[in-house]
Amino acid sequence: MYGISTKFIGLDNYISIIKDPVFYNALKVTGYFMFLAVTSEMILGLFLAEILDGITHERLRKAAVVITIIPMMTATVYAALSWRLILYPLFGVANYLLTLLGLPPQDWLGDPKWSIPVVAMVDIWQNTPFVILILFAGLQALPTEWIEAARIDGASSWQIFRYIKIPFLRPLILIALFFRVVITLRVFESVIMMFSETGGPGMAAQVLGIYLYWLAFRVFDLGRAAALSWIMLLLTVGLSFILLLKFYKEVRM
Amino acid sequence: MKVLPSLIKYLVLVLWIGFTLFPIVWMFLTSFKTPLDVFANPPVLISIPPCIENWIKLFSPGTKWEGPRILHRYLPNSVIASTSSVAITIPTSILAAYAISRFRFKGRRIVAIMILATRMLPPVATTIPLYIFFAELGLLDTLIALILVYSALSVPLATWMLIAYLDEVPREIEEAAQIDGAGLKDTLFRIVIPIIAPGIAATSIFTFLLAWNDFAIAFFLTKEVAKTLPVHAPVFVTEVSIEWGAMSAFGTFYIIPALFFSVFFSRYLIKGLTLGAVKV
Chain Y
61 MYGISTKFIG
71 LDNYISIIKD
81 PVFYNALKVT
91 GYFMFLAVTS
101 EMILGLFLAE
111 ILDGITHERL
121 RKAAVVITII
131 PMMTATVYAA
141 LSWRLILYPL
151 FGVANYLLTL
161 LGLPPQDWLG
171 DPKWSIPVVA
181 MVDIWQNTPF
191 VILILFAGLQ
201 ALPTEWIEAA
211 RIDGASSWQI
221 FRYIKIPFLR
231 PLILIALFFR
241 VVITLRVFES
251 VIMMFSETGG
261 PGMAAQVLGI
271 YLYWLAFRVF
281 DLGRAAALSW
291 IMLLLTVGLS
301 FILLLKFYKE
311 VRM
Chain D
-19 MKVLPSLIKY
-9 LVLVLWIGFT
1 LFPIVWMFLT
11 SFKTPLDVFA
21 NPPVLISIPP
31 CIENWIKLFS
41 PGTKWEGPRI
51 LHRYLPNSVI
61 ASTSSVAITI
71 PTSILAAYAI
81 SRFRFKGRRI
91 VAIMILATRM
101 LPPVATTIPL
111 YIFFAELGLL
121 DTLIALILVY
131 SALSVPLATW
141 MLIAYLDEVP
151 REIEEAAQID
161 GAGLKDTLFR
171 IVIPIIAPGI
181 AATSIFTFLL
191 AWNDFAIAFF
201 LTKEVAKTLP
211 VHAPVFVTEV
221 SIEWGAMSAF
231 GTFYIIPALF
241 FSVFFSRYLI
251 KGLTLGAVKV
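Here the protein sequences come in this chain order: Y and D. Going by this note's numbering, the first residue of the first sequence is number 61, and it counts up by one from there. Going by this note's numbering, the first residue of the second sequence is number -19, and it counts up by one from there.
Derived by calculation from the structure, the hints in this document are not laboratory data. Don't take each hint at face value.
[What the hints assert, rightly or not] With the Cβ distance kept under 10 Å, some of the chain D side facing chain Y (calculated, not the full set):
{"#": "1", "residue": "Tyr(-10)"}
{"#": "2", "residue": "Val(-8)"}
{"#": "3", "residue": "Thr14"}
{"#": "4", "residue": "Ala20"}
{"#": "5", "residue": "Phe39"}
{"#": "6", "residue": "Ser64"}
{"#": "7", "residue": "Ile68"}
{"#": "8", "residue": "Thr106"}
{"#": "9", "residue": "Ile108"}
{"#": "10", "residue": "Glu154"}
{"#": "11", "residue": "Phe216"}
{"#": "12", "residue": "Gly231"}
{"#": "13", "residue": "Tyr234"}
{"#": "14", "residue": "Pro237"}
{"#": "15", "residue": "Leu249"}
The model shown is predicted, which means the values in this text are computed figures rather than measured ones. Quick reminder that beta carbons are idealized off the backbone N, C-alpha and C, glycines included.
Pulled out of the complex, with its shape left as it was, chain Y reads as follows (with noise of 0.2 Å):
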């Protein structure tokens, strides 16, 4: 590159790649990263949706569901100052609440064992409306009929929620699983406005996207970077192609 001659290495920035402890520590904290936010996405959605559609009043509905939407309209990078600004240890709301209830306050940003569940917790508020969102507009979708049916036939609001509702929502349940899955796996900007570009305390948060930053820009060994790059997006690959499998199987029955 840069006219400065060139050597084929053939697959020794992969090797150097996998062999490195630091890749490692990237996978470990972007899988629980990604585990942690999917997971509480997915629970919290799914709930939300059913309660929002079970709100028989027309204008609260509506305007909850204009409040739902705002945080995924929002830039990462403001989530991220926000809950910064919630999170802070000294005068932070967020001690301020815990302190109320009579809890310990917590050191949210300089605390390794809270990194990954800060960065989640934006993830969280700035995402679980989109699977509120994607659900709620398919329990609209839900033939009345169905659930009146049911009713006649003496089931209870959990039986129809569990039995008809779920299995009705799960192709969509399937997609917004998707959609969430591939996107978490690209976490960056809400780690560098929490944390700037370390990666946390004692590489604490040091997701995959900050590793490759650090590769290509800090260390300046472009070739490992676009390593990595290939890396991720195989695993993206991998994902998508597991989880849109099992969505056609699904949609085919």
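On the provided structure of chain Y, position chain D as indicated by the hints.
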């Protein structure tokens, strides 16, 4: 027996709305606090009288965030990059979506799947090749580079959304127009586009916000000349000192378009979002 579950339902809803609005409201209120009130313990909700000093300081010279540049460089950059990417993306995507939705040609499904696949690319993973590419073209730190990348990223998203809207338009309407002698161009511009106008509006907003909200790409590809608002945000949160008042003013200033669109266009946005996502 029926009162309790619905009471819990409303309680959860209220908690959710509070959780959603709190960060936005808190940042807005903090931007109007005096420096003393920002650090108050227990926290105060608002300073009385509200203090606009943070907002003046945000745009004034001699600060570490170079106030005047926000208004004269970063804001115009953000606006130009976002609106240009809408101007390129929407016409391109309408034509692409119309072709995929209406014509039966060889490889149509593959084209549609390829379009979806580009949406799955992690932006961070594309930044290295893009960086090298634009370095060789001498286009690093230029708005042209940003506009090109944003358009390239938005076209798949917009095309996919518009296909979903187009699939909802009954073909008979177009057939009727064609029987009356309308050509392909007339059918598209005078019949189809007016019908899917709300869809085009929603897609334009998503395209605009994709560029407006982007951090990763602008962070890698720009330094100073083409820097956009979000890339300037880290300046406010360096380890040494954080000026929470000015930072809050900056954050609030930055999300005005997002707030505006989500409040006034929510109906179209929700429809676009669900249509675009559900039709895989």
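So, going through the hints one by one against the coordinates:
Taken as an interface hint, Tyr(-10) (chain D) checks out: its beta carbon lies about 8 Å from the nearest beta carbon of chain Y, inside 10 Å. Checking Val(-8) (chain D) against chain Y by beta carbon gives a least distance of about 6 Å; that is within 10 Å, so the hint holds. A hinted interface residue such as Thr14 (chain D) counts as satisfied when its beta carbon comes closer than 10 Å to some beta carbon of chain Y; here the least separation is about 13 Å, so the hint is violated. Taken as an interface hint, Ala20 (chain D) checks out: its beta carbon lies about 7 Å from the nearest beta carbon of chain Y, inside 10 Å.
Interface hint at Phe39 (chain D): violated, since its Cβ lies 18 Å from the closest Cβ of chain Y, which is beyond the 10 Å cut-off. The beta carbon of Ser64 (chain D) comes no nearer than 18 Å to any beta carbon in chain Y, farther than 10 Å, and the hint placing it at the interface is violated. For Ile68 (chain D), the shortest C-beta to C-beta distance to chain Y is roughly 21 Å, which exceeds 10 Å, and the interface hint is violated. Look at Thr106 (chain D): its Cβ gets to within about 7 Å of chain Y, closer than 10 Å, so that hint holds up.
A hinted interface residue such as Ile108 (chain D) counts as satisfied when its beta carbon comes closer than 10 Å to some beta carbon of chain Y; here the least separation is about 5 Å, so the hint holds. The beta carbon of Glu154 (chain D) comes no nearer than 26 Å to any beta carbon in chain Y, farther than 10 Å, and the hint placing it at the interface is violated. Interface restraint check: Phe216 (chain D) against chain Y, minimum CB-CB distance 8 Å, threshold 10 Å, status holds. Taking 10 Å as the C-beta cut-off, the interface hint given for Gly231 (chain D) holds, the closest approach to chain Y being about 5 Å.
Interface restraint check: Tyr234 (chain D) against chain Y, minimum CB-CB distance 6 Å, threshold 10 Å, status holds. The criterion of a C-beta within 10 Å of any C-beta in chain Y is met by Pro237 (chain D), whose closest approach is roughly 9 Å, and the hint holds. Annotation: Leu249 (chain D) was flagged as interfacial toward chain Y, and the flag holds, the nearest CB pair being 6 Å apart, inside 10 Å.
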